[in-house]
Amino acid sequence: MIRTSALLLILWLFTSFTMEESRYHKVPALPGDGVYSLLRRYKLDQYSCNHAQFYDLNHLSENAGLKVGRYYYVPIVLYEFNGKTIRSSIGVDDWDLAKKIETYNDDMLRDGYRPQSFREDRSLWVPYHFLHCPSPDLPAGDPEKAPENQTGEIEAIEASTASTGTNLAVASGGSRRFPIFGKDYEYVPLESTKLTGRVYYIVTGHGGPDPGAMGKKGGNTLCEDEYAYDVGLRLARNLLAHGATAYMIVRDPDDGIRPGQYLDCDYDEVIWGNKSIFQQQKARLNQRADAINELYEKHRKQGVTSQQAIIIHVDSRSRSTQTDLFFYYHPSSNESKALAQTLHGTMSDKYKQHRASGAYHGTVTPRDLHMLRETKPTSVYIELGNIRNSFDQQRIVIESNRQALANWLFEGLKGK
189 MIRTSALLLI LWLFTSFTME ESRYHKVPAL PGDGVYSLLR RYKLDQYSCN HAQFYDLNHL
249 SENAGLKVGR YYYVPIVLYE FNGKTIRSSI GVDDWDLAKK IETYNDDMLR DGYRPQSFRE
309 DRSLWVPYHF LHCPSPDLPA GDPEKAPENQ TGEIEAIEAS TASTGTNLAV ASGGSRRFPI
369 FGKDYEYVPL ESTKLTGRVY YIVTGHGGPD PGAMGKKGGN TLCEDEYAYD VGLRLARNLL
429 AHGATAYMIV RDPDDGIRPG QYLDCDYDEV IWGNKSIFQQ QKARLNQRAD AINELYEKHR
489 KQGVTSQQAI IIHVDSRSRS TQTDLFFYYH PSSNESKALA QTLHGTMSDK YKQHRASGAY
549 HGTVTPRDLH MLRETKPTSV YIELGNIRNS FDQQRIVIES NRQALANWLF EGLKGK
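Numbering-wise, the numbering used here puts 261 at position 73 of the sequence shown, and it's gapless, one number per residue.
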């Protein structure tokens with residue numbers, strides 16, 4: 189009888205505990221996350237009771253590290269919204285508190301962390317500190333991070349400016365605004381977390397002193413680096429929207445995603461970390477490979493297992509040579525070959541849907557190119573077309589086509 193009673197008591201305690209945990213929101217840790225950065229994303233970091241509750245909910249010792257992709261409870265209490273008022277839903281009479289809760293939920297929806305309004309899905313988020321320690325008692329900032337190269341971004345996704353060596357991060361305060369994309373595109377809602385835990389390095393060709401291949405159309409000069417960069421930005425934005433970590437290795441401080449057909453040629457691109465691009469070609473290639481490999485090692489040590497480099501160029505051949513988008517992979521890498529074949533297959537499917545003839549003549553070829561050989565992530569080298577051919581020019585000059593290329597490459601990377 190005593191043994192049975194003890195068993196029932198343990199069962200009751202376990203059930204009570206798991207029911208208590210289930211009242212809290214659960215989220216994945218992203219690459220680079222510590223407890224501070226994870227809490228900051230949800231505007232919880234400046235309240236000591238939130239930190240204590242986080243460690244308690246997740247059975248962690250203080251200052252424990254987080255594992256990329258693992259889900260953790262955060263100190264956001266979940267209540268069912270009754271469709272009437274917030275006060276009656278959570279059992280309080282405080283009108284000011286109810287307004288704070290409403291504003292918080294609306295902010296989380298605006299910033300892309302909630303998929304739906306609480307008015308629609310009836311799930312009301314109440315930060316733990318609203319109820320237990322409403323006054324901030326911790327400074328803004330993240331003691332888990334080294335102070336160098338920090339400009340207020342959270343290290344997790346996309347860097348807000350070219351002047352920082354921080355990860356392409358969610359901007360200060362947990363906002364999903366990324367100035368690298370330009371004013372019209374800087375806000376990137378979180379559409380899903382399908383790619384959480386994956387890291388992508390978008391490497392667009394040439395830049396800085398070298399515009400790459402050049403073509404002419406209607407009296408306008410087309411520069412390879414500008415069109416490859418625009419497609420690369422659009423691809424990075426798609427990846428970010430689905431939870432990936434995405435780095436633009438070649439960066440332009442003021443272009444962003446651009447509308448229209450003719451993108452002005454300039455020479456102000458830099459390499460990740462705001463480093464000037466070298467003049468000499470081999471030095472330029474080593475510079476960007478080194479930047480990728482340094483980031484790769486950082487994420488590998490964090491436990492990230494999926495890292496890929498997407499190298500985007502525009503080819504130059506005789507004006508009469510029309511080419512479809514084609515791919516290179518490194519001859520000694522089965523992973524590189526598989527990635528190229530996957531993207532090629534996606535392109536073939538898309539051409540069948542969207543090209544009148546349904547024909548697609550893009551190729552997948554092994555080639556010992558420097559950027560395929562010297563970068564540590566699984567890599568693929570993409571040529572968008574022949575910049576001198578009038579038919580191929582339409583693929584990059586028409587803005588909707590640039591977006592389509594980015595969308596189709598994204599679908600290939602995302603997988604089923």
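Please keep in mind that the hints were generated in silico from the structure rather than gathered at the bench.
A few of these clues could be false.
Subject to a maximum C-alpha distance of 25 Å in a straight line, what follows is the list of computed DSS-like cross-link-like pairs (lysine-lysine) [to be verified]:
id : residue 1 : residue 2
1  : 404       : 231
2  : 486       : 371
3  : 404       : 371
4  : 382       : 231
5  : 371       : 463
Please read these numbers as outputs of a predicted model, since none were measured by experiment.
Status of each hint after checking the structure:
Annotation: proposed proximity of residue 404 to residue 231 is violated, straight-line Cα distance about 50 Å (limit 25 Å). Restraint check for residue 486 and residue 371: the C-alpha separation of about 30 Å exceeds 25 Å, so the hint is violated. A C-alpha spacing of about 29 Å is found between residue 404 and residue 371, which places the hinted pair above 25 Å, so the restraint is violated. Distance check on the hinted pair: residue 382 and residue 231 sit about 23 Å apart at the alpha-carbon level, within 25 Å; holds.
With a C-alpha separation of about 23 Å, the suggested pairing of residue 371 with residue 463 holds against the 25 Å cut-off.
Violation of the numbered hints given earlier is confined to hints 1, 2 and 3; the remaining hints are satisfied by the structure.
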